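With the sequences and hints as input, model every part of the structure.
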Amino acid sequence: MVRIAFLATLLLLTSCQNAPSTAQKNEAVNLMPIESMLDFYAEKHIGLALFQKTISNYPLWYHKDVSRYLAEVGSHVSMYSLRNDISYSFYIVDSKDVFSLGLPSGIVVVSLGLLEHIQTESELACILGLEIAKIEHQYLLRIMNPAKDDFTQNWLKNSEEIANAYALVLTHRFSDENINESDRLGMIYAQHFGYRASDLQVLLTRFYQDQIQRKSKTTYLGQYSESIVAHRQSYGEILVKELEKEQSKFPTRKNRFDSYKPFLTK
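Sequence positions in the sequence shown follow the working numbering and run 5 to 270.
Don't read these hints as lab results, they were simulated from the structure.
Be aware that one or more of the hints could be misleading.
Capping the alpha-carbon separation at 20 Å, the derived lysine to aspartate or glutamate pairs in DMTMM-like fashion look like this [claimed, not checked]:
id: 1; residue 1: K68; residue 2: D98
id: 2; residue 1: K221; residue 2: D43
id: 3; residue 1: K100; residue 2: D214
id: 4; residue 1: K57; residue 2: D101
id: 5; residue 1: K152; residue 2: E164
id: 6; residue 1: K221; residue 2: E120
Predicted model, so just to flag it, every value in this text is computed and none were measured.
Written as structure tokens, this is what we have:
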């Protein structure tokens, strides 16, 4: 019993050492908390409907170690979320297509194809961070404009509306302002847990080069398509210059991604 208590205390102390300080968290975001557009359960039902739509097209992929690792990195980055009313969950779908989704209520989906292209834990952290930013800023919900009290109830009955919302989030038909904001926040959230924000720019550059040189037959969906990546690269150069000035203020995280890479190609 004493041993169990000791181990629990040790784990708690270790997690506290790895977690950023309150001062660092405040410095990271420097933004006011975001108010939810819908009540918790309404948003949850919308998120679940879109998640169901996702896995009807792309089967879930699970590996004990990789899935746990993804959730761990996601939990690091989500510490900075401006939404205190939701918790985030992270899933992998079995598809060679390159995409990631941030669904209402905190559901983050990444494709196996995307993970196979990622090379560092910092790249992964930035990807998860920008999806968290999309969820907390409710880009999709703002387009859906759920003004009426019975919106969710009626929306859930309309398969066409569900399909339209899913197509919107998959193709990432958001404004340039939304794209810029989610990239900026994704980098910031990752950086303030010790990840390198500049790694997102490195990843986008690889994606862009692969597409313009047609090195592979990989399908890049939504925000990873050539035209959107080109825009994100341009804006990212400005972001990286500013964020690199702050990098030394934060701890450096080890890159553990290589140890999980072999499981992604089996």
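Structure-based check of each hint:
1. K68 - D98: Judged against 20 Å, a Cα distance of about 15 Å means the pair holds.
2. K221 - D43: 42 Å, violated
3. K100 - D214: 15 Å, holds
4. K57 - D101: 16 Å, holds
5. K152 - E164: Given pair K152, E164 holds - Cα atoms ~19 Å apart, limit 20 Å.
6. K221 - E120: 14 Å, holds
Going down the numbered hints, you'll see the structure goes against just number 2.
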